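> So you can see what is in the structure, the chains are spelled out below.
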Amino acid sequence: MMDAATIRARFRDHAFIVDDGFATALQVMLALDKPMLVEGPAGVGKTERAKVLAEALDTRLIRLQCYEGLDATSALYEWNYPRQMLRARLSETTGTSLEEREAQIFGEAFLLKRPLLEAITEDRAPVLLIDEVDRADEAFEAFLLEMLAEWQVTIPELGTIRAKHRPHVILTSNRTRELSDALRRRCLYLWVPYPTLEQEIEILRVRVPGLSERLADRIAGLMQVLRGLPLQKAPGVAESLDWAMALMSLHREQLDARTLQQTLGCVLKVHEDYAVIDAHRLAIDAVLQGGSSPLEAGGYSLDTDFGFGSVSPRR
Amino acid sequence: MYPFGRLPDNLAAFAGVMRRDHAFRTGPGELVDAARALEIVDLHDQRAVRDALRPVLCSTPGDVEVFDEAFTAFFFRGPVGVPQPDRKNVPRRDREQGEVGEDRRAESRPSEPDADAATDDRPEAVEIPADTPDSADSTPAVAMQMVHASYSPLRALGRTSIAVAPAGTEWHAAARALVRRLELGLSRRWVPARTGLRFDLRRTLRASLQTGGEPVGPRWRRRQRRVPRFVVLVDGSRSMSDAAGIAMTLAAAVASVTPRIEVFTFSTALQRVTRDVRRAAAGGPVTIESERETWGGGTSIGACLRACLRTPDGRRIGRDTVVIIASDGLDVGEPDTLRAAMNDLKSRAAGVVWLNPLLETPGYEPTSRGMRVARPFISTFSSVRDAAGLARLARHVRLR
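Protein sequence lines, in the order shown, are assigned to chains A and B.
If you read the first sequence in this note's numbering, its first letter stands for residue 1431, the second for the next number, and so on.
If you read the second sequence in this note's numbering, its first letter stands for residue 1178, the second for the next number, and so on.
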């Protein structure tokens, strides 16, 4: 059993900074053996958290990427039909009995395991990442519910397969669609907000080792301001890491208006957002010049959700 | 300090408060989980306890938002005799209000590019002090400021209500035709079918068991049709007073056919009325009581569309969503705001259907400023006055 401090330390060893809330939530999840639904704006490291968790627990990560039209056969299992037919043809003349041939054809060798079945049959409890579950349709969500409750699969030809160890399940969602209440009730819930200024500076230091402290401060400060602007796509942590890397590889020690203009593509991914930046030039220049904190400079609220400030988990 | 002596009782009471005051969905299952979660954390550490209970008891972003405050209000009310925040002042929330509440904050952000132009976006400013904790120390000066902020020469006073007639069978049939006729193309999902594009080996082999292992009838799969989702926006300004009722009936008719619908009313502010419309769709007339600010004043269509695009439901406007706007297009807001919002809407939604009751008037030309701005982004421009009109729309609707 790992406590929150150990979890934080382990994540830190893997160059991933997490806050107390997340560590405690993980601790509860491991103790209660329940799946955890992680939601938050794009680019705050939801998927990455599951990957690091697998490394921290020293177990396998099995990933199921959801998409529209994902169905049970691509999530659970499928028989390898061409191989089965080939084997049936080839063994016709060998003189083996019908029962033997049947047992052969419907053996595990002909079963194509998809992520969910794989997670169940694993010897050590793996981390099962069900990524972007909001992209799958409602029918798949209903199927998933059954799976998360029972942890068993019935294959008509083989019988029922029960999980040896319950996987540690992490579901992520970007909220493109409202998930059903039933799914939410079966999961623990975690909202991952954008990091605070201090957290972001620490993340930049840990993930981009050569970065100067001054530059890290500037990047993090500017990110806080940008996330307060009404952008169509607010930059996440992934963007600030990209940006830090870009500035490092360009050997820029300073973040001035010209550098900003040149490297803005690392941060803003929608053309319309450039106009928004121009309209708020004053606040941004204040941060670039340094000195005043972004809070004083622009007076922007920092608790943002997708840049529109509808969610503020902690104050 | 705590309401009860023992931890389980306190926990149960806390879950009860969350359920009652904040519309949490905490049942016995969550309570057991919460108790188990508390077993593994250090009970002396306030933060750890809060961090452990949060993932168990919360289930939506809205829940997370109110949890910490409610936790402090329940467990740390301070010693007796010291003035403490009134229980009533912890913001209460139910599901529907919560979502509108999110708008409010989004609306009143200082960083809006045209915050000045959209001042009438924030009519709720008057009401906010009443249910936020900050109001305890609000001075008359602050209150005056709020009143000024909400003032608009164009806003009508008093409550207005609109009766939604139950959608009759003709409405129902027409709405069904509309849902059927909307062509969104095919989904990525393969479904079993009698004829199709892809041979279904699995089902063919299964079926061959009935014919002694000889696959006689082939089975096929084809792609599923994409089912449209609707977002209906009804203009509630005075000029629309008659037509709004018809538009609501239309929304109720569509809601009786498909559950995938969200309905909003707007004039100077946006209000979500999906629940009322669903109730109307289930039968029985429903009166939609509108807040005086959102109903019967001048219309700022652009600002309201933008507000809608920022609600959780508006965010879900995607390739499957058909947006139906019922408005006469008499806009008092900034044309640029409307243009930007319509552009955004068009690029995200499958199509925008604009129902303008003025089209029924002989000789009407859509030359008003709002209409002229919005026109290039509309895929179907029409009007619906009765069930037959909706049936006609179903025949002529185009999405691209």
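Some hints here could point you the wrong way.
Unchecked claim - Example chain A residues on the side facing chain B (calculated, C-beta under 7 Å, incomplete): (1) L1462; (2) Q1495; (3) E1498; (4) R1614; (5) Y1619; (6) Y1704.
Keep in mind the hints are simulated off the structure, nothing from the lab.
All of these numbers come straight from a predicted model, not from anything done at the bench.
We treat Cβ as the ideally placed atom computed from N, Cα and C, and that holds for glycine.
> Decide, hint by hint, whether the structure agrees.
Okay, the hints, checked on the actual structure:
1. L1462: Cβ of L1462 of chain A sits 6 Å from chain B, so the hint holds.
2. Q1495: violated, 13 Å
3. E1498: This interface hint holds because 5 Å falls under the 7 Å limit.
4. R1614: Holds - the Cβ of R1614 of chain A comes within 7 Å of chain B, reaching about 4 Å at its closest.
5. Y1619: Constraint on Y1619 of chain A satisfied, holds at 5 Å.
6. Y1704: Violated, about 13 Å.
The structure fails to meet hints 2, 6 from the earlier list, while all remaining hints are met.
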